[in-house]
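Got chain X; can you put chains P and D on it based on the hints?
Letter by letter, the chains look like this.
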Amino acid sequence: MAFKILERKPLNWAERTYLPQIITGLKITLWNLFQKKVTLEYPDVRPVIPEGYRGIPTLVKDPKGREKCVSCQLCEFVCPPKAIRIQPGEIPEDADYAHVEKAPKQFDIDMLRCIYCGFCQEVCPEEAIFLQNDFSLSGYSREEMVFPKAKLYEMGGTFPDQHNKWGKKQQAAEEAKAHG
Amino acid sequence: MNYLPVLIALIKAVLMVAVVVVIAAYAVLAERKIAGWIQGRYGPNRTAFPVIGYIPILGKMLTRLGVFQPVADGLKFIFKEDPIPGHVNLVYYFLAPCVAFIPAMTTMAVLPFGEMDGQPLVLANLDIGMLFLLAVSSLGVYGIILAGWSANSKYPFLGGIRGSAQMISYELAMGLSILPAFLWANAPGSETGMSLFNVVQSQDQLWMVIWQPLSALIFLVALFAETNRLPFDMPEAETELVAGYNTEYGSMKFGLFFVAEYTHIVIGSGVLTVLFLGGWNFFPGLPSPWPGGWVGGVLSTLWFLLKVFTVVFFFMWIRWTLPRFRYDQVMRLGWTVLLPLALANLVLNAIFIALFDNWFV
Amino acid sequence: MTGRDDNLISVFIDEEEFLVPPGTNMVEAARLAGKEIPHYCYHPKLSVTGNCRMCLMELGMPLKDHSTGEPIIDRRGLQKIGWMPRPAIACATRAFPGIHIKTDSELVRECRNGVMEFLLVNHPLDCPICDQAGECSLQEYAADYGRGYSRFVENKNVKPKRTRLGPRVMLDDERCILCSRCIRFCKEIAKDDVLGFVDRGSYSTLTCFPGKDLQNNYSLNTVDICPVGALTSIDFRFKMRVWFLKETPSICAESSVGVNTHIESREGKIYRITPRRNDEVNDTWIPDSGRILYKSIDTDERLIHYTIDGSHTLVDGAAKEAATLLREGAVAVVGSGRASVEEQYLLGKIASAVKAISVSLVSRTGDGDGLLVSADRNPNVRGALLTGLITSLPHANLGGLASAIESGEVRTILSFGEDLTQCGVEKQLLEKVNVIYFGSHCNETGEVAKVVFPTLTVFEKAGTFINQQFRLQKFLPAVPGPQGVLPDIVSLGKLCSILDGEAIPPTGPEGVWAEMNTEIPQFSAIDFENIPINGILIDGSQWEHLPFIEGMSLHYDPDNNRQIMAEVTKSK
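Protein chains in written order, with the working numbering: chain X, 719 to 898; chain P, -5 to 355; chain D, 37 to 608.
Hints were generated in silico from the structure; no laboratory data involved. One should not assume that every hint holds.
What the hints assert, rightly or not - The calculated lysine-lysine pairs, modelled on BS3-like cross-linking and capped at a C-alpha distance of 27 Å, are:
| # | chain 1 | residue 1 | chain 2 | residue 2 |
| --- | --- | --- | --- | --- |
| 1 | P | 301 | X | 745 |
| 2 | X | 800 | D | 275 |
| 3 | D | 81 | D | 227 |
| 4 | X | 887 | X | 820 |
| 5 | D | 192 | X | 779 |
| 6 | P | 54 | X | 755 |
| 7 | X | 782 | X | 886 |
| 8 | X | 800 | D | 282 |
Small disclaimer: the values here were computed from a predicted structure and weren't measured.
Okay, chain X solo, but in the shape it has when bound (with noise of 0.2 Å):
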């Protein structure tokens, strides 16, 4: 047989009172009364954001101040709860960035849908989407939770563009010019 029953040990005289338990459980807990409490007085102390925290979901910008996102939608496509609304737009021909030529003209995160998986954050080719430490979102109304593309950069900030695709590329283009 692959298992054995065991007897429970049959209690004394002074277990079956029950009151010596009680008293060590009253040690216990009179011990407990004296010692440090371990409640965080939250909004007075913050707690400390660990690295790598998955907070709310925002577009950054590079150091140049591009906006970094070029509306590839593979965010939308990811996002497990649908929360992503991008409507792609083109940068016109006279602008700076010329050559990245796509940027999203509306990009809509529902706040009350993103369920913080970071996904987004995972599949973005631009790295233009980063959840930051920000955990506490509130709000009167549904649409106001629905933060739109200038809300979303403005809590993103810049970030330090690693690749530097895009200044690569212009670079080589301005190579290529002067070698006629």
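For chains P and D alone, kept in the frame of chain X given last:
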């Protein structure tokens, strides 16, 4: 006709009620603080009061202690919306909180809380004080039964049924457990009967708890059950019955139940102190150092209150230590353990007293 | 293998024998065998140039002794295979008996890897902004055969990224892999030779010939066949990523050719229309004019309410009112060559139930281009013939109807989707009679109509068309219609059941087909569910004597069609 004694009695009564209700309110705060501390939390520490709360160090300290919390709680009870469910029996639904509250307040009439020049400090020093106390306090269960019944929904109903069964079961053991105390307190042929003041006076050398520990234990357990405190909070049992008998109540009606429950605890602790912890007597073997006059009265009262608060603390300490009994365990403990034990205790004490009286006196 | 067809020859693909028709090239042979040979420049409907080198494979043939001509037998007793030392391209290799190829050997994989690396040397990292992403051969093959990283350290080529080749096509030169499919398409299919490569080496560039533009009516097919994102549609550019789009098989209602299409939509909005391959009708092409038809469905002009005398009602109320008007008699029915077969059948039933004085269809004509736009711009005139709605070909002008109204002969007109004011019946004239109008958009006929039934467009409903070849083809709803508008079959069916006294009106094409099976001999044994995706030829020989106006088009020859019809008849 002289109205003065009536007026004085009325003023005393109002004063007493006011003091006990305030103590009950702060007992709620104490419960929340102790629960917090035992669980590694702070408990209520945010409610600030204008002016007092802004006093540099003291105000901050009082706020952290949650001293103003009962005020906020009380205001909340009064100003909250008072919904009345459509399915209740209105007469009994409104009657129940009053029935629960009035006995809780009435019992204090016979509870002595101090001594002044050999006279008890009490609203009414009755010969049958203990009997009155038992009789009136058991009326409190009607509030629970009425609440459970009139709410006309399943959880309050179950809570009410449990409350009544538990009350009946432990009333017996409680009654039997205090008899030895009175047997010992009353010399044969004395006429003090069941006067609570007399019990205290008889303990000036030796507290009853040392002489009668078993009686004290049985009384304590029964007291827990009678006040519906954990581990015997069958009528309320949040984890099983939502909120038990007061599920359908809100606002100040719930508040009355709440205050009644804590008043029960305070008065119960008082009775325990009177019967077994020597009342306002100083320490076992030491004569009470209270001077005469009103100073002695105040000091003895404070000493009495200190003991009461210790017992109240014990109530809370137990609550945040032990889990709740199962309903059948409560019944089994009451009928098969406490009742026989209390009976045997009484009979043995009676035999012992008889032998003692006959042989040695 | 037994039962070998003499017409088929045996080829050995990865040491497995398959039978293929003679002349099949090895890309197609492998496809028939269920294997994929990757390719960029090869297209089944275009000539073979073999310039991308992606379809390289190992080729071998059974050896014969040169001197005796005897097969050389190896130790196992099988004819020995002589493998060529170097790989050959599959697209330019025709099947011959006994041919052996390897599609997945070490050498072949290495070849593909090398080709991929060269193609990607100058290919920009544009996938996030490229419209082709998701349906890009380069992406797919890079994932399947690519190296995964780049060894190229120099700058990539910089070329123009926004060249307009024509009004509808945009060229991104950097992305072009020089497969020349677009050039061949313009030359061979569109017969509008405007594209070509200039310069050499890595400077090679696709361009239009001087003074010419890529503006023929088939220019957007170059976008479809471009294996990468070099050619993009200006209309669809940056509108939506293709992986969001749902493809619904449909039929283009532009003309009686009946081009097979995919309607690509997301969340009830159509984004583009692409051709669906049907080798009997349109191969893999579609005219540009057919791609923009969907734009009219989402406008303010849509009719969205059932109305009686201008006040809103429900379909049952409208049907009851219409039935009352029709029962008064003196009815003229105007059907439509744009309605589906099912609708025309129900309309025919209504016409016979009310003993209509006249049933007419409005013809629409234009110039045929000999390819995929025919002269008859009604997609379903033959459906009206088959269902018995009409017996002769329609006219553009309803002059007869106008004089009948004037003489008081006609008191009620039921028009299905036709604006009568556009075909010879004046608005003032229409005001004299009761008009019951079924239509999808507002027009003058709708304005004067007593009862209006809003209808759905071909993109929103299910049904069938019969094209110029008498080919029955079905279309399915791609997007939902306006809220509250029922499919035309339902509203017609309700009207029909009131007039006929039938209990249960059909709720979809299946119900109508169950009825048509017994009523129309040509339709027996066809049910809507089982109409093949490429359509099914119907016996239309009964109507061959009619002077159809269509000329030659891609897979249609008016003279030849009679023969095909005859064969279909014979086979039944």
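Hints, verified against the model:
About 20 Å separates the Cα atoms of residue 301 of chain P and residue 745 of chain X, which keeps this hinted pair within 27 Å; it holds. For a cut-off of 27 Å, the pair hint linking residue 800 of chain X to residue 275 of chain D stands: about 19 Å separates their Cα positions. A threshold of 27 Å between alpha carbons decides the hint, and for residue 81 of chain D with residue 227 of chain D the separation of about 14 Å falls inside it, so the pair holds. Pair hint residue 887 of chain X plus residue 820 of chain X holds up; C-alpha atoms about 15 Å apart against a cutoff of 27 Å.
Using a Cα cut-off of 27 Å, the hinted pair residue 192 of chain D and residue 779 of chain X holds, with the two alpha carbons roughly 25 Å apart. Proposed proximity of residue 54 of chain P and residue 755 of chain X is supported: the alpha carbons are some 18 Å apart, at most 27 Å. Restraint check for residue 782 of chain X and residue 886 of chain X: satisfied, since their Cα atoms lie roughly 14 Å apart, inside the 27 Å limit. For the hint linking residue 800 of chain X to residue 282 of chain D, the alpha-carbon distance of about 17 Å falls within 27 Å, and the restraint holds.
This entry satisfies every hint, going by the numbered hints stated previously.
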